[in-house]
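Listed in order, the protein sequences are those of chains A and B. Oh and the first sequence: position 96 is 96 in the working numbering, straight run, nothing missing. Oh and the second sequence: position 430 is 917 in the working numbering, straight run, nothing missing.
No lab work stands behind these hints: they were computed from the structure. Please note that the accuracy of each hint is not assured.
The list that follows gives simulated cross-link-like pairs (lysine to aspartate or glutamate, EDC-like), each with its CA atoms no further than 20 Å apart [stated by the list, open to error]:
| # | chain 1 | residue 1 | chain 2 | residue 2 |
| --- | --- | --- | --- | --- |
| 1 | A | K80 | B | D858 |
| 2 | A | K399 | A | E349 |
| 3 | B | K866 | A | D97 |
| 4 | B | K863 | A | D97 |
| 5 | A | K456 | A | E433 |
| 6 | A | K55 | B | D723 |
| 7 | A | K131 | B | D824 |
| 8 | A | K313 | A | E349 |
| 9 | B | K751 | B | D771 |
| 10 | A | K202 | A | E248 |
| 11 | A | K131 | A | E29 |
| 12 | B | K506 | B | E493 |
| 13 | B | K571 | A | E40 |
| 14 | A | K472 | A | D402 |
| 15 | B | K862 | A | E266 |
| 16 | B | K862 | A | E40 |
| 17 | A | K80 | A | E266 |
| 18 | A | K137 | B | D824 |
| 19 | B | K596 | A | E40 |
| 20 | A | K377 | A | D337 |
| 21 | B | K781 | B | D736 |
Remember, predicted model here, so these are calculated numbers, not experimental data.
Residue-level listing of the chains:
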Amino acid sequence: METMEPVIGLEIHAQLNTRTKLFCACPTEFGAVPNTNVCEVCTGQPGALPRMNGKALELAAKAGLALGSAVNRESLFSRKNYFYPDLPNGFQTSQLDPPICQGGSLTLELGDGTEKTVRLNRIHMEDDAGKCLHDEKRGLSLVDLNRAGTPLIEIVTEPDLSSASEAVNFLKKLHALLVRLGVTKGRMEEGEFRCDVNISLKPKGSPVLGTRAEIKNLNSFKFVGQAIEYEIERQTGVYGRGGSVSQETLHFDSEKGETRSLRSKEEAHDYRYFPQPDLPPVEISGELLARLRETLPPTPEEAKKRLVALGLKPRQAELLLERPGAPEYFHEAHKIDDDAPRIYSLMEELFLPACQKEGLDPSDSLFAPPKLAALAKLLRDGTVGRRKAQELFPDFFAKGSDPSEAVRSGNLSQITDPSELLPMVEKVAGAFEKEAKKFLSGEEKILSFLVGQVMKESRGRACPKTSAELMKNHVKERFAGAAKETV
Amino acid sequence: MTKLHELSLEEARAGLLKKDFKVLELAESVLSRIEEVEPKIRACLEVFGEETRKAAAAMDEAGPDPSKKLWGVPVSVKDVFLVKGAPTTAGSRILENYVPGYEATVVEKLREEGALIVAKTNLDEFAMGSSTEFSAYATTKNPRNLERVPGGSSGGAAAGVTAGEFPGAFGTDTGGSIRQPAALCGCVGLKPTYGRVSRYGIIAYGSSLDQAGPLARKVKDTGILLASVAGPDPRDSTSSSVKTDDYADLAEPDPGKLTFAIPKEFWEGTFDPNVKKVLDRALDLLKENGVALKPVSMPRIGYSVATYYVLAASEASTNLARYDGVRYGHRAKKYDDLLSLYVNSRTEGFGKEVKRRILLGTFALSSGYYDAYFKKAAKVRRLIREDFEKALEGADLILAPVSSIPAWPFGAFTDDPLTQYQLDVMTLPLNLAGGPGLSLPAGLGDDGLPVGVQLFGKPFGEKKLLEAGLLLEKIFPALPAAVV
Numbered sequence: 001m002e003t004m005e006p007v008i009g010l011e012i013h014a015q016l017n018t019r020t021k022l023f024c025a026c027p028t029e030f031g032a033v034p035n036t037n038v039c040e041v042c043t044g045q046p047g048a049l050p051r052m053n054g055k056a057l058e059l060a061a062k063a064g065l066a067l068g069s070a071v072n073r074e075s076l077f078s079r080k081n082y083f084y085p086d087l088p089n090g091f092q093t094s095q096l097d098p099p100i101c102q103g104g105s106l107t108l109e110l111g112d113g114t115e116k117t118v119r120l121n122r123i124h125m126e127d128d129a130g131k132c133l134h135d136e137k138r139g140l141s142l143v144d145l146n147r148a149g150t151p152l153i154e155i156v157t158e159p160d161l162s163s164a165s166e167a168v169n170f171l172k173k174l175h176a177l178l179v180r181l182g183v184t185k186g187r188m189e190e191g192e193f194r195c196d197v198n199i200s201l202k203p204k205g206s207p208v209l210g211t212r213a214e215i216k217n218l219n220s221f222k223f224v225g226q227a228i229e230y231e232i233e234r235q236t237g238v239y240g241r242g243g244s245v246s247q248e249t250l251h252f253d254s255e256k257g258e259t260r261s262l263r264s265k266e267e268a269h270d271y272r273y274f275p276q277p278d279l280p281p282v283e284i285s286g287e288l289l290a291r292l293r294e295t296l297p298p299t300p301e302e303a304k305k306r307l308v309a310l311g312l313k314p315r316q317a318e319l320l321l322e323r324p325g326a327p328e329y330f331h332e333a334h335k336i337d338d339d340a341p342r343i344y345s346l347m348e349e350l351f352l353p354a355c356q357k358e359g360l361d362p363s364d365s366l367f368a369p370p371k372l373a374a375l376a377k378l379l380r381d382g383t384v385g386r387r388k389a390q391e392l393f394p395d396f397f398a399k400g401s402d403p404s405e406a407v408r409s410g411n412l413s414q415i416t417d418p419s420e421l422l423p424m425v426e427k428v429a430g431a432f433e434k435e436a437k438k439f440l441s442g443e444e445k446i447l448s449f450l451v452g453q454v455m456k457e458s459r460g461r462a463c464p465k466t467s468a469e470l471m472k473n474h475v476k477e478r479f480a481g482a483a484k485e486t487v
Numbered sequence: 488m489t490k491l492h493e494l495s496l497e498e499a500r501a502g503l504l505k506k507d508f509k510v511l512e513l514a515e516s517v518l519s520r521i522e523e524v525e526p527k528i529r530a531c532l533e534v535f536g537e538e539t540r541k542a543a544a545a546m547d548e549a550g551p552d553p554s555k556k557l558w559g560v561p562v563s564v565k566d567v568f569l570v571k572g573a574p575t576t577a578g579s580r581i582l583e584n585y586v587p588g589y590e591a592t593v594v595e596k597l598r599e600e601g602a603l604i605v606a607k608t609n610l611d612e613f614a615m616g617s618s619t620e621f622s623a624y625a626t627t628k629n630p631r632n633l634e635r636v637p638g639g640s641s642g643g644a645a646a647g648v649t650a651g652e653f654p655g656a657f658g659t660d661t662g663g664s665i666r667q668p669a670a671l672c673g674c675v676g677l678k679p680t681y682g683r684v685s686r687y688g689i690i691a692y693g694s695s696l697d698q699a700g701p702l703a704r705k706v707k708d709t710g711i712l713l714a715s716v717a718g719p720d721p722r723d724s725t726s727s728s729v730k731t732d733d734y735a736d737l738a739e740p741d742p743g744k745l746t747f748a749i750p751k752e753f754w755e756g757t758f759d760p761n762v763k764k765v766l767d768r769a770l771d772l773l774k775e776n777g778v779a780l781k782p783v784s785m786p787r788i789g790y791s792v793a794t795y796y797v798l799a800a801s802e803a804s805t806n807l808a809r810y811d812g813v814r815y816g817h818r819a820k821k822y823d824d825l826l827s828l829y830v831n832s833r834t835e836g837f838g839k840e841v842k843r844r845i846l847l848g849t850f851a852l853s854s855g856y857y858d859a860y861f862k863k864a865a866k867v868r869r870l871i872r873e874d875f876e877k878a879l880e881g882a883d884l885i886l887a888p889v890s891s892i893p894a895w896p897f898g899a900f901t902d903d904p905l906t907q908y909q910l911d912v913m914t915l916p917l918n919l920a921g922g923p924g925l926s927l928p929a930g931l932g933d934d935g936l937p938v939g940v941q942l943f944g945k946p947f948g949e950k951k952l953l954e955a956g957l958l959l960e961k962i963f964p965a966l967p968a969a970v971v
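Chain B with its partners taken away, still in its complex shape:
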């Protein structure tokens, strides 16, 4: 018999509303699964056991509420979402004892829809990284292979969802931080259009690139999660008032009427042979099912890595200026004056990748370098956005790989930042362009590691993206549940 924690989010919700099982039973199943696998996976920085049980019991008492999209469903949030009264660290020592006095809009909305916030998940410090190895607190393992990284920065979210610790999770994606760990762990991850989901109460990394989004084991589940949180927020001036669609009500499209743009800049690179094999097979499967694949070129994609790292680091350098040891967070024990208070607190509080990006961004914004770096990067960003617009002119969606290599062994790139930055080349461009992207498994490689593909849509075209995702999920070989 299927255990409750193995149910998809949609199945769990349906079962709760039909009273097949209680909210507390589902919560207990999820909590015991967390207890069982956490020693191996370390996906969570904080688990809300008591709060979850209490809330679950109260919901059972009150009875099902079908008007709520996530009634009784346990979900996790990455540790950059502020949960009132619960420590929120962004994976950094500098926020070690920080307890927020307010709640992120996404968390508020999740609660309004009846979700139970069951855990806060691990991440690279301030979401800067692609392996979750830069967390100051824990090393998260890939549930498909405990010797491998889960990807990042939302590595805890992807690993937890894949290991069956919770049916749904929220992460953030600034340069691929939802889509890449989803691909490396073998689950589904959606980066919505910039502005589709409020950023209020989410610890900022690159403000013009950050976007919150869901991870789950099924495409449909990410749609339900998006539907629960999408929409304008008066507290986030960059959130969009473009009308939301019903992302939970999806219809699988006719493959014969679908055209995917296949940009050579994404597909003609060097791939790990196991990855290559899965990707080739995926393209064949699409063709066999009647999806038209249209070769296109997106000539400016090659500049994405440089553009991204200038812009994201510039924004990060000033977003992280508030962590100064004055009002909250880590303050050095030893200091002689104001300057050494700042220097010592920040030196002790930030990890090396964060320091690297603060330095990079500070340099790029400095007088005399601003035009050459920040301003130029902002211009190139517009050109990259144009590439997306052009590629989508004659196609419904763009199809691209997510990573050229599968989940890598721990420590493989931690001392080689440039190589690691280059690994993000397939995911960064979308954040620069601003549109939505869906990452989902294309199959397992011969090495047993998952390989993902991603679909890019037009801005605010999440529904179309998710509907195509349903089709791909059916066409591609389903991944077995992770054995942990």
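Looking at chain A on its own, in the form it has when it is part of the complex:
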């Protein structure tokens, strides 16, 4: 038998990051009590009509711009007709021709250092269905329509992928991009990013595609990988036995790790698409497109270059780019204080861990970038010490206080002025004469004890470095003679 190679295409559904549904004002929040985030529009009441959510349109267009798609200035919604209990209107409102975006691509770095460009066929908008819940005990099927009408984009690739790992890498990269753009929140466990896989085998090098099977609704990268691996093996087996693969829709059973047939080609729906008469063509103005283009963040490569140019190490830039919202925060702070390494280290050591602990997006933190920039300045000019900064940070972060303001009003600054420190040094040296003399006799470690006493005396405000210098000199001056006597 000839060697076969897999041909894989993906259809990705991403939930758009909007507060309200695609065609009504109901909230899109996840996890609400069933059938509470609903109205006449999203439950398909008689006489209800859809109205387009402008924010959804912007996000869909933004995804297209970031992926190099052509954004259609005028696109059209169509009705996709089928019956299912979770589909309140008896049709899904989707886009057939023309969709909001056509074409585009995403480039992958392959393991061997080469690159592969995966072409996109299209991106279109559509509304999500509700959810069926089955109560086996009571023998009931229940419908929750909270999700019905949630805005989605479907991104359809060309069959350019040829392995499970390529498909998974593609999905990860796409997911990261869309999350970074704010197009989707991408929470896969909540179904905000899910994927259908089309897969067929063909003799290596042949231009003719084999019959494809479609695996529906995979909601984790792991399952995508497993399902593809399984399906390649299954189809290889079928061909190996001299059989033929039939065109069908499959379900991936993640527990058993295998695919199962949902319906064959003969049972496929005739969706009877036709233009949705309740919605005029969706128009997007040149001005809006231009504005969206401006808000587009740079590609990861560009973003990294930018950060390195500002003075970060490549690895630091990468770490920052891995966290949603962090690069934007960094740039905002950097606009005010251009000490890039210090801003980075404050973010890395204090700010980002605090955000993570609170589950906050950096942009949502009360401790806004100008405040972090102020803290960087206080550290650099020595007004606040490193330890002090660490000690005060949780309070700054929680209250969103301005550190320079706090320093001014709360008398929190470090004491570096020798004339202010000296009386305390003298007092400590007097009180701990024995220890001071031990230092003079060469027991250098005891200096830190003495400085610690100065810290205590100053209620933590003394600059340790200056205090240590002053202590050394003062002890020498005060006890040098006496020490000799003793010796």
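Fit chain B to the supplied structure of chain A, relying on the hints for placement.
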């Protein structure tokens, strides 16, 4: 002395504002007229007696508000308009126990203008039909002759207005459903331009064709009713933001300066002799009064029936998909699985005309037939629209008959859908083109049955249309009040 329920809407409103009589007195008169004739006419599916009396008394208490266009005026709405808390059935068993949780924009606006929603009127199931015989609930009689149909699908609205049950009514017109029953009963009916009146909260039949509009006994009254509800609605994306005119402030035009296009495709067909006689007389009267009649041709009108039934049925087939027995409406008592739940509920819930159109539309949208039917019909629709534009280039308005036959006896066509579809040939083209049309009585035939004509205007030209309607109302012989 004239009874209050016999007053025109304009007269009733004026009398209320002048305090000649109370809102409650008018309401009582209307309600007792409804009580008197309903056993014979059956125009209403629901009468809001108590609510009307209560609201009327409250209005009397508060005193007249001249800023409201319909202060204290009772009006009815066809049973496709959602009235919050009141059963809304669309004349179908499938919505037998459906009580809406929200209100149609038209109903909201009527209330804002001070109208009293006094009744919900009968119709062909889901507005599919031209005789109101396809209602699942009642057979509405023509007040001019109780043996005859009132027309449809807004048959209850037209019959009720004509019988003096209410001075004004709202219906919907997808293929003539306001204009044809108005003509067959002998009252006035206006189909506004598509998009002029919000469709929000109106049970959809053919979404790209449906348009709500008023029926009344006088042209002026339909203008007042339109003025109360016209305008854009953020909840209906297909409603138009084109500026509204003051449709209540109408001036009769100079007949010598008017030109009506007379399209031969409408006028040269076969007519019932009684109808023909009234129509010929109407044309003579117009000429005598100095209106210029300009013969024109609208060559694509002949394709209207086929085009309309493909498009309307296609849209209907998916508009009615939501009636599946899952969330509301009729659910079959017996079913074994999901499929039989759907099949049994819909089989029991829909009547035969509705099923026919769902099947027709489903077929026309099916893979392999879409291009031949839906897509082609959409193209022909554009050509028909062009015919209207051309005919209106050299004329103020187009004048056409409404129906080639007068109101027919019950059962005449119920088993012959194709013939009945053909009867709509004069009214369907306007819905395909999208513009406004006004149907008004041209006189009574020798058989005692009314004959109507209709005027078509340019899109959003309702004011001009209504003003010409005032003139025709004066020129044509006035119809006597219906004796019921």
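Right, here's what the structure says about each hint:
no. : hint            : result
1   : A:K80 x B:D858  : holds (16 Å)
2   : A:K399 x A:E349 : holds (18 Å)
3   : B:K866 x A:D97  : holds (17 Å)
4   : B:K863 x A:D97  : holds (17 Å)
5   : A:K456 x A:E433 : holds (17 Å)
6   : A:K55 x B:D723  : holds (18 Å)
7   : A:K131 x B:D824 : holds (18 Å)
8   : A:K313 x A:E349 : holds (16 Å)
9   : B:K751 x B:D771 : holds (16 Å)
10  : A:K202 x A:E248 : holds (17 Å)
11  : A:K131 x A:E29  : holds (14 Å)
12  : B:K506 x B:E493 : holds (17 Å)
13  : B:K571 x A:E40  : holds (12 Å)
14  : A:K472 x A:D402 : violated (36 Å)
15  : B:K862 x A:E266 : violated (25 Å)
16  : B:K862 x A:E40  : violated (31 Å)
17  : A:K80 x A:E266  : holds (18 Å)
18  : A:K137 x B:D824 : holds (17 Å)
19  : B:K596 x A:E40  : holds (19 Å)
20  : A:K377 x A:D337 : holds (7 Å)
21  : B:K781 x B:D736 : violated (28 Å)
Violated hints, in rising order: 14, 15, 16, 21; the structure is consistent with all others.
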